[in-house]
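For the protein sequence lines, the chains are A and B, in the order given. Sequential numbering of the first sequence, starting at 2, is according to the working numbering. Sequential numbering of the second sequence, starting at 317, is according to the working numbering.
There's no promise every hint is true.
Residues of chain B clear of chain A, computed beta-carbon distances all greater than 12 Å [said to hold, decoys possible]:
1. Ala-323
2. Ala-361
3. Glu-365
4. Ala-366
5. Pro-372
6. Phe-373
7. Arg-389
For the chain A half of the interface with chain B, some residues (derived, Cβ under 7 Å), not all of them [to be verified]:
8. Val-4
9. Asp-8
10. Val-13
11. Cys-96
12. Arg-101
13. Val-153
14. Lys-154
Taking CB as the label site, the calculated pair distances span [what the hints assert, rightly or not]:
15. B:Asp-386 to A:Ala-109: 29 to 37 Å
16. B:Leu-324 to A:Leu-173: 40 to 48 Å
17. A:Tyr-211 to B:Glu-365: 20 to 28 Å
18. B:Asp-386 to A:Leu-173: 32 to 40 Å
19. B:Ala-361 to A:Arg-81: 42 to 50 Å
20. A:Arg-5 to B:Pro-384: 23 to 31 Å
21. B:Ala-374 to A:Arg-188: 35 to 43 Å
22. B:Asp-397 to A:Thr-146: 58 to 66 Å
Honestly, the hints are just simulated from the structure, not real lab data. For every residue, glycine included, the Cβ atom is placed at its ideal position computed from N, Cα and C.
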Amino acid sequence: MAVRTIDVRERVMARNDALAAEVRRRLREAGVVAFNLVSSPGSGKTTLLERTLADVGEELRIAVVTGDVQTQNDAERLARHTDRLVQAVVTNGACHLDARQVLAALDAVELERTWLLFIENVGNLVCPASWDLGEDAKIVLFSVTEGEDKPVKYPKVFQQARYAVLSKLDLLPHVPFRVERAIAYARQVNPTLEFFFTSALEAEGLEEWYHFLRAQVRRRRTAA
Amino acid sequence: MHEMSVALEIGRIAQEQAGPRGPASVATVAVEVGDDAGVEISSLAFCLEAVLAAPPFAGAKAVITRLPGDVLRVAYLEVDDGRPDH
Chain A
2 MAVRTIDVRE
12 RVMARNDALA
22 AEVRRRLREA
32 GVVAFNLVSS
42 PGSGKTTLLE
52 RTLADVGEEL
62 RIAVVTGDVQ
72 TQNDAERLAR
82 HTDRLVQAVV
92 TNGACHLDAR
102 QVLAALDAVE
112 LERTWLLFIE
122 NVGNLVCPAS
132 WDLGEDAKIV
142 LFSVTEGEDK
152 PVKYPKVFQQ
162 ARYAVLSKLD
172 LLPHVPFRVE
182 RAIAYARQVN
192 PTLEFFFTSA
202 LEAEGLEEWY
212 HFLRAQVRRR
222 RTAA
Chain B
317 MHEMSVALEI
327 GRIAQEQAGP
337 RGPASVATVA
347 VEVGDDAGVE
357 ISSLAFCLEA
367 VLAAPPFAGA
377 KAVITRLPGD
387 VLRVAYLEVD
397 DGRPDH
């Protein structure tokens, strides 16, 4: 047989990135700020969102798109705290959300009634790092019951995140976790990473978190 | 862990670019993977083998080249153009 070579040079993520650009365009147009929340399973993404929805969900007009490998449990948990929209995406085995799923979920979100959109990714510190979802920034969570060296073990996601939330601070007296070491590890891979320190159960550190969210929303709304 | 998603997307790109004789004519899919692309090479090779063995492909071979940086792209395809050898 005669072999012919076809030059392709197409980035594997090109289609995802085009869809992410469309998500970003629609959010900008509607004046919505969007954060992509990533962490390993059990770091407290859903609990932080539950608390945030209950406290400032109405004030900041928050909507949530939440991804899970199986079940809609997280969406149901979140929906108890708000009358606002919580859209579940069941990935059926996939380890991350992609831009196509988020774009489809946006059709269910009333963007004109929304100022702030949280995209709760599948619990996983590896794969979500490779998929742009059209968010303004990634926020990475990790909890004091995990290793202080999470940031150097999973550098890609910590490099991509603009903000980090250290969660479950109420458990600090019971675990050998050293906060300053965790911060040092994080700054090693991302010197400009900004930290929040929270306990969503004991409602600690949340004022600073809400202050940040308000400022982000205000900036976007005045720009729109 | 997401290598299967990457392999499927590579399959989709190869299918789209395969030319007039279609995906079954694809003999080689050449992929460039950066060290910082977050892709595990042996896992991707395994997934690509499965994708390229199944229709609409007919046993195309994956050639994976490691590069520095975070590149992740399909570099080129080799297709059987149907003309006899000369």
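Point to revise | Whether the CB-CB distance between Leu-324 (chain B) and Leu-173 (chain A) falls inside 40 to 48 Å | key: Given range 40 to 48 Å: holds, Cβ gap about 43 Å.
Exercise for review: Note whether the CB distance of Tyr-211 (chain A) and Glu-365 (chain B) lies within 20 to 28 Å or breaks it.
Suggested key: violated (50 Å)
Point to revise | Beta-carbon spacing of Arg-5 (chain A) to Pro-384 (chain B) - inside the hinted bounds 23 to 31 Å or not | key: Holds, since Arg-5 (chain A) and Pro-384 (chain B) (Cβ atoms, about 30 Å apart) stay within the stated range.
Check your understanding: Does Lys-154 (chain A) pass the interface hint, meaning its C-beta sits closer than 7 Å to a C-beta of chain B?
Key -> Violated - the Cβ of Lys-154 (chain A) stays beyond 7 Å from chain B, reaching only about 13 Å at its closest.
Review point. Can the hint on Val-153 (chain A) be confirmed by a CB-to-CB distance to chain B that is less than 7 Å?
Key: Since the shortest Cβ distance to chain B is 14 Å, the answer is violated.
Review point. Should the interface hint for Asp-8 (chain A) be scored as holding, given a Cβ-Cβ cut-off of 7 Å against chain B?
Key: holds (5 Å)
Review point. Within 32 to 40 Å or not, the Cβ separation of Asp-386 (chain B) and Leu-173 (chain A)?
Key: holds (35 Å)
Check your understanding: If you check the beta carbons of Ala-374 (chain B) and Arg-188 (chain A), does the distance land in 35 to 43 Å?
Key -> violated (51 Å)
Exercise for review: Hey, is Glu-365 (chain B) genuinely clear of chain A, shortest beta carbon separation above 12 Å?
Suggested key: Label holds. Min Cβ-Cβ 17 Å, cutoff 12 Å.
Point to revise | Distance rule for Ala-323 (chain B), whose beta carbon must clear each one in chain A by more than 12 Å | key: violated (9 Å)
Check your understanding: Given Val-4 (chain A) was flagged as interface, is its beta-carbon under 7 Å from a beta-carbon of chain B?
Key -> holds (5 Å)
**Study point:** Non-interface claim for Ala-366 (chain B) versus chain A (Cβ beyond 12 Å)
**Key:** holds (15 Å)
When each numbered hint is compared with the structure, violations occur for hints 1, 7, 12, 13, 14, 17 and 21.
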